[in-house]
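Those sequence lines, one after another, are chains A and B.
Using my numbering, read the first sequence as starting at 1 and increasing by one per residue.
Using my numbering, read the second sequence as starting at 1001 and increasing by one per residue.
Everything labelled a hint here was simulated from the structure, so no lab data went into it.
Please read all numbers here as calculations on a predicted model, not as lab measurements.
The beta-carbon is built from N, C-alpha and C at its ideal position, and this holds for glycine as well.
Check before you lean on any hint, since a few could be wrong.
Said to hold, decoys possible - Which stretches of chain A does chain B cover? Using the computed rule of at least three CB atoms under 8 Å from a CB of chain B, they are:
#: 1; segment: 15-26
#: 2; segment: 58-72
Claimed, not checked - Straight line, CA to CA, 20 Å or less: simulated SDA-like cross-link-like pairs of lysine to any residue:
#: 3; chain 1: A; residue 1: Lys65; chain 2: B; residue 2: Ala1113
#: 4; chain 1: A; residue 1: Lys16; chain 2: A; residue 2: Val69
#: 5; chain 1: A; residue 1: Lys65; chain 2: B; residue 2: Met1058
#: 6; chain 1: A; residue 1: Lys13; chain 2: B; residue 2: Glu1062
#: 7; chain 1: A; residue 1: Lys45; chain 2: B; residue 2: Met1122
#: 8; chain 1: A; residue 1: Lys45; chain 2: B; residue 2: Lys1118
#: 9; chain 1: A; residue 1: Lys65; chain 2: B; residue 2: Phe1087
#: 10; chain 1: A; residue 1: Lys65; chain 2: B; residue 2: Asn1055
#: 11; chain 1: A; residue 1: Lys15; chain 2: A; residue 2: Ile66
#: 12; chain 1: A; residue 1: Lys45; chain 2: B; residue 2: Asn1055
#: 13; chain 1: A; residue 1: Lys65; chain 2: B; residue 2: Thr1066
#: 14; chain 1: B; residue 1: Lys1104; chain 2: B; residue 2: Glu1065
#: 15; chain 1: A; residue 1: Lys45; chain 2: B; residue 2: Gly1052
#: 16; chain 1: A; residue 1: Lys45; chain 2: B; residue 2: Gly1049
#: 17; chain 1: A; residue 1: Lys65; chain 2: B; residue 2: Lys1118
#: 18; chain 1: A; residue 1: Lys45; chain 2: B; residue 2: Cys1046
#: 19; chain 1: A; residue 1: Lys65; chain 2: B; residue 2: Glu1062
#: 20; chain 1: B; residue 1: Lys1079; chain 2: B; residue 2: Leu1100
#: 21; chain 1: A; residue 1: Lys13; chain 2: B; residue 2: Glu1065
#: 22; chain 1: A; residue 1: Lys65; chain 2: B; residue 2: Ala1048
#: 23; chain 1: A; residue 1: Lys45; chain 2: B; residue 2: Glu1062
#: 24; chain 1: A; residue 1: Lys45; chain 2: A; residue 2: Ala77
#: 25; chain 1: A; residue 1: Lys65; chain 2: A; residue 2: Val30
#: 26; chain 1: A; residue 1: Lys13; chain 2: A; residue 2: Ala77
#: 27; chain 1: A; residue 1: Lys45; chain 2: B; residue 2: Gly1051
#: 28; chain 1: A; residue 1: Lys45; chain 2: B; residue 2: Lys1104
#: 29; chain 1: A; residue 1: Lys45; chain 2: B; residue 2: Leu1100
#: 30; chain 1: B; residue 1: Lys1118; chain 2: B; residue 2: Asn1055
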Amino acid sequence: MRTIQILGTGCPKCKKLTEVAELAAKSTGVAYTLEKVTDINEIMKFGVMMTPALAIDGDVKTVGKIPTVEDICRMLA
Amino acid sequence: MSTQQGTGCCGGTKLIFACSGAADVGAVADLAARKLTREGVGKMFCLAGIGGRVNGIMKTTEAAETILAIDGCPLGCVKHCLEQAGFTAFRQIQLADLGLEKGKTAVNDTNIAKVAAKGATMLGGGGCYPG
Chain A
1 MRTIQILGTG
11 CPKCKKLTEV
21 AELAAKSTGV
31 AYTLEKVTDI
41 NEIMKFGVMM
51 TPALAIDGDV
61 KTVGKIPTVE
71 DICRMLA
Chain B
1001 MSTQQGTGCC
1011 GGTKLIFACS
1021 GAADVGAVAD
1031 LAARKLTREG
1041 VGKMFCLAGI
1051 GGRVNGIMKT
1061 TEAAETILAI
1071 DGCPLGCVKH
1081 CLEQAGFTAF
1091 RQIQLADLGL
1101 EKGKTAVNDT
1111 NIAKVAAKGA
1121 TMLGGGGCYP
1131 G
């Protein structure tokens, strides 16, 4: 079970990242849980200073941008 | 990282790395970086995380709009740290260039302000950050 973590306080880009990440996860067929980390102190524990950020299983993959569905599929592979 | 710092939503962040070294100039570099952070000009970030290649810190730095290195002395440890981690597009302040020499520099408000003023100029001044 992969854990997809969306780090962000809920701005439009954070919501867009969530959509893209879920689309990627569903297209790969991988079992996953989606976690939204919205508390700034919790976000900073990842070493992240800018949002939105994407982490998978606690490993930060992207910061400050929205990757493509294809990018996230590769991250989940 | 300071819990007083907020995160910048959606990029555009100016990150500041100070050597924070053991000498007097390291202390001035560190305190100038903190002053710039308090004033909202940029955000001091974790040089040790760059040295340790800590993933979240590396990824955040890659996404920064501007990076400023504040080196306390001509050894240029911040510059070397960043370069070895793959970052080449950054601006640098070298305290010796401001007349602040290792072992001869008082850690006082005047010197801290001098370095911070230079940093603000190099970062374009101003800024508004959430949190």
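* Agreement of Lys45/A and Lys1104/B with the hint, judged by alpha carbon distance not exceeding 20 Å -> At roughly 37 Å apart (the allowed maximum being 20 Å), Lys1104/B and Lys45/A break the hint.
* Is Lys45/A close enough to Gly1049/B, meaning Cα to Cα at most 20 Å? -> Holds, because 12 Å separates the two Cα atoms, which is no more than 20 Å.
* To do: Below or equal to 20 Å on CA atoms is what counts here, so check Lys45/A against Gly1051/B.
  => Holds, at about 18 Å.
* Does the structure keep Lys45/A and Gly1052/B at a Cα separation of 20 Å or less? -> Holds: Lys45/A and Gly1052/B sit about 16 Å apart, inside 20 Å.
* Coverage of the segment 15-26 of chain A by chain B, judged on three or more residues with CB within 8 Å -> With 0 residues closer than 8 Å to chain B, the segment 15-26 of chain A misses the three-residue bar; violated.
* Asked: Quick one, are Lys65/A and Val30/A close enough, alpha carbons at most 20 Å?
  -> violated (23 Å)
* Asked: Does the alpha-carbon distance linking Lys45/A and Glu1062/B stay inside the 20 Å limit?
  -> holds (18 Å)
* Asked: Between Lys13/A and Ala77/A, does the CA-CA distance stay at or below 20 Å?
  -> Outside the cut-off at roughly 24 Å; violated.
* Could you grab the alpha-carbon distance between Lys13/A and Glu1065/B and see if it respects the 20 Å cut-off? => Holds. Lys13/A to Glu1065/B sits at ~17 Å (cutoff 20 Å).
* Taking 20 Å as the top limit, are the C-alpha atoms of Lys65/A and Glu1062/B close enough? -> The hint holds at about 11 Å.
* Compare the distance between the alpha carbons of Lys65/A and Asn1055/B with 20 Å, and conclude whether the hinted pair is satisfied. => holds (16 Å)
* Asked: When you check the alpha-carbon spacing of Lys45/A and Ala77/A, does it fall within 20 Å?
  -> violated (25 Å)
Hint compliance for this structure: hints 1, 3, 7, 8, 14, 17, 22, 24, 25, 26, 28, 29, 30 are not met, and every other hint is.
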